[in-house]
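J.: If you want the building blocks of each chain, they are given just below.
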Amino acid sequence: MRASATIAALELRRRLRDRSVIIQAVVAPIVIAAIIGAAFGGGFSFSATVGIADQDGSPLSAELVGALVGLDEEDVPITFVAVDPDDPAAAVRSEEATAVIVIPDGFAEAATGGTDVPPLAVLADAGSPITADVTTSVARRIGAQVDLSRLVAASVLAAPVDGDETAVSPELVEVAVEAATNAVAPIVVEVTEAGEPYDPIAYFAPGMAMLFLFFAVGVSARSLISERRDGTLARIRAAPVPSSSVVVGKSGAVLVLGMAAMTTVWVVTSFVFGADWGDPVAVVAIIGAVVLAIAGVSVAVTGFARTDAQADGLTGMVAFGFALLGGSFLQPGTMPPLLAQISLFTPNGQALRAFTEVGAGGGDLLDVLPAIGVLVAMGLGTGLAGLAALSRRGVA
Amino acid sequence: MTAPPRAQVAAAIVGTELRRVSRDRTGLFFIVVLPVVIIIVIGATIGAAPGALPLGVLDADRSAASEALVAALDADPAVDLQRFDDLEDLRQQVRTATVVGGLEIPEGFGADLGAGEQVELSLQSGDPQTGQAAAEVVSAITDELGSRLQAASVLVDGLGLAEDDAEQLVSRTAGDLVAVEVTLETVGEAATLTGENQYAYTAPSNLVLFVFINSLAVGGVLIETRRLGVARRMMAAPITVGTILVGTGATRFLFALLQSVLIVAVGRLLFDVRWGETVAVAALVVAFSLVGTGAGLLVGAVARNAEQAQSIGIPVAVALAMLGGCMWPLEIVPPAMVVIGHLTPHAWAMNGWIALIFEGGGLRDIALELGVLVAYGGALVVVAMLVLRRRLLAGT
Chain B
20 MRASATIAAL ELRRRLRDRS VIIQAVVAPI VIAAIIGAAF GGGFSFSATV
70 GIADQDGSPL SAELVGALVG LDEEDVPITF VAVDPDDPAA AVRSEEATAV
120 IVIPDGFAEA ATGGTDVPPL AVLADAGSPI TADVTTSVAR RIGAQVDLSR
170 LVAASVLAAP VDGDETAVSP ELVEVAVEAA TNAVAPIVVE VTEAGEPYDP
220 IAYFAPGMAM LFLFFAVGVS ARSLISERRD GTLARIRAAP VPSSSVVVGK
270 SGAVLVLGMA AMTTVWVVTS FVFGADWGDP VAVVAIIGAV VLAIAGVSVA
320 VTGFARTDAQ ADGLTGMVAF GFALLGGSFL QPGTMPPLLA QISLFTPNGQ
370 ALRAFTEVGA GGGDLLDVLP AIGVLVAMGL GTGLAGLAAL SRRGVA
Chain D
75 MTAPPRAQVA AAIVGTELRR VSRDRTGLFF IVVLPVVIII VIGATIGAAP
125 GALPLGVLDA DRSAASEALV AALDADPAVD LQRFDDLEDL RQQVRTATVV
175 GGLEIPEGFG ADLGAGEQVE LSLQSGDPQT GQAAAEVVSA ITDELGSRLQ
225 AASVLVDGLG LAEDDAEQLV SRTAGDLVAV EVTLETVGEA ATLTGENQYA
275 YTAPSNLVLF VFINSLAVGG VLIETRRLGV ARRMMAAPIT VGTILVGTGA
325 TRFLFALLQS VLIVAVGRLL FDVRWGETVA VAALVVAFSL VGTGAGLLVG
375 AVARNAEQAQ SIGIPVAVAL AMLGGCMWPL EIVPPAMVVI GHLTPHAWAM
425 NGWIALIFEG GGLRDIALEL GVLVAYGGAL VVVAMLVLRR RLLAGT
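Protein sequence lines, in the order shown, are assigned to chains B and D.
Heads up, the first sequence is in this note's numbering, so the first residue is 20 and it goes up one at a time.
Heads up, the second sequence is in this note's numbering, so the first residue is 75 and it goes up one at a time.
Hints were generated in silico from the structure; no laboratory data involved.
Keep in mind that the hints are not guaranteed to be accurate.
Said to hold, decoys possible - Selected chain B positions facing chain D (Cβ under 10 Å, derived; list incomplete):
hint : residue
1    : Thr25
2    : Arg38
3    : Ala213
4    : Pro351
Backbone N, C-alpha and C fix where the C-beta goes; we use that ideal spot for every residue, glycine too.
Please take these sequences and the hints and turn them into a complete structure.
T.: Structure below.
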């Protein structure tokens, strides 16, 4: 036991003396997550300027334009402006507005006269499909409001009032239409806050930390091979130290190093960038489980590689392969269904799903226990397989 | 003995180094397999319904009315609808911004609507502005669905009709009424980077990423050349330092060109990417290969060991790629990040590719980009050569 502790301490000292492990396992994930945070930290916030082109020139259309342009509420994503009705497309081309709603000539007359109404046209910048969709919805709501008035007017005219249809006076229609204009919609949509948006840093920092941890941890696992080559392993063997001590000591060092690195990334991104990873108990548990899984995979890689250089290459492949399939490079939740399934076979995918559940879904330790179980199983399974391979070759 | 001609020596150096690189089979994974896999994975994730608002819906009512609303949302081209069964799931997706809004249809929606009561739908959103935009889109649909109910209630209140009579009257009248139509017309050309081919942005961005990252990796070979004493043995031969430098540089340059040609070919053949005018494509490939060459030589000249080159090189390459728009288009990041991004050669290379692939530009349109890249590459090569020359002469 003491021998293992000594070997672990020695390994840790050696690794920390080489500053590249700190750069790789701590600085790199923080810097990269910060870049991602700076790129997406503002979050997606929709806003657009929409023009209204009044080709109708009627009191009704003027009222409509006035009502929209005069809108001045908080959190309204659209600013309406009146644009030149003679050339509405020019307003889009000159970027005065991203989209324009055109109220066509004869709109009001047809709307109040009971004939078919000419269509409302939306002209939108081809490069802004979402603004086009939202503007179309605004136009549809204007159309729906007009339709409601038309429907009420037509219904009133068709209503059998005391059996005498001529009894319907224009005043009655007007009153009814007025009532329709002021009527509240039967279905209203209320926007509520879903809570703080999930900080991309809280997702990408662990994602990147895991990617680079494969490299940092891999170096320790590979040191078994290089120590055998350099003869230090044989010298340790000559001492009254059980051969398992070396493996136990190195594994211990790797776990401590990995835990420390990822915890530092967590603490720094939380306090410096204010990224909320979620319930701390769950976060620490996931970190422990995923470090174990990465250490296990690294031992397996070392076990199956014949040379130092091969282990190096394999580590890179595994690190990037798992990061890619696990979704470390993708925005949370954007994985296509097939990839989402595949990702669960990687430690990165399991851990990222757990981190998202805790950080964005407000989950706690209980919610991520299954994922932690899978990660621990991955770590033990690959680790034992790797040790078996190493011992066959007399390294461990 | 006369010294062999310079060109012959340089060619021999190139041949030897290329053989050393190609013998490393794990290296081929990074050069051939990884770029293609990344292009496929990233391309697949950005292919989904561009230009529609991703919206989540949870139908807790499951009545005819709620199902009609869900069906109408699903049929709307402005909405990319995802259904949820669990409110926590929906909230998590809203917080990770996978959906811009989470619409909850409460229990009793259909019954309340039938009873003439106003019903409120709550739309969860992480950002109030975007939530309002999504609410506008949903309201266009609910207004249309609710207009008959609304008209009937106006008739009941205004004319004193019985509820059933009013509803019958409205649906009779509505049958004859042609609703106001909304037409959508786009102005200009879509400059969106996903466009018709989702690989059209991913292929060039990975070309830039991998030419750079693998140039750094080949830079690691240079460290071996120095460490193993290959460089010193070359110096012992009747060859000038200049010849060795030319040979070493030419190897890296050739290598970057091969990597570029591979991705251009794969992009064209597998993903149908139209790279643009041949001469301009060649010029851009050559210019960025020069940048890769310079960066690789510099790492090879400065780094003390291969491990250091890897542990610092990979994070730096990933960070530069992110800043330069290889992981996401720079058009979606804040202005300050666009400025910072253009400190990297990557951003200039991406500008060039965007001009060639999306804007149909030619050699003249990317003159500025080519100039910046050549200046960048040239400066890197010169600095690296100077450092390398000193190291070779000093024998370190």
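J.: Checking against the hints above, which ones are violated?
T.: 1
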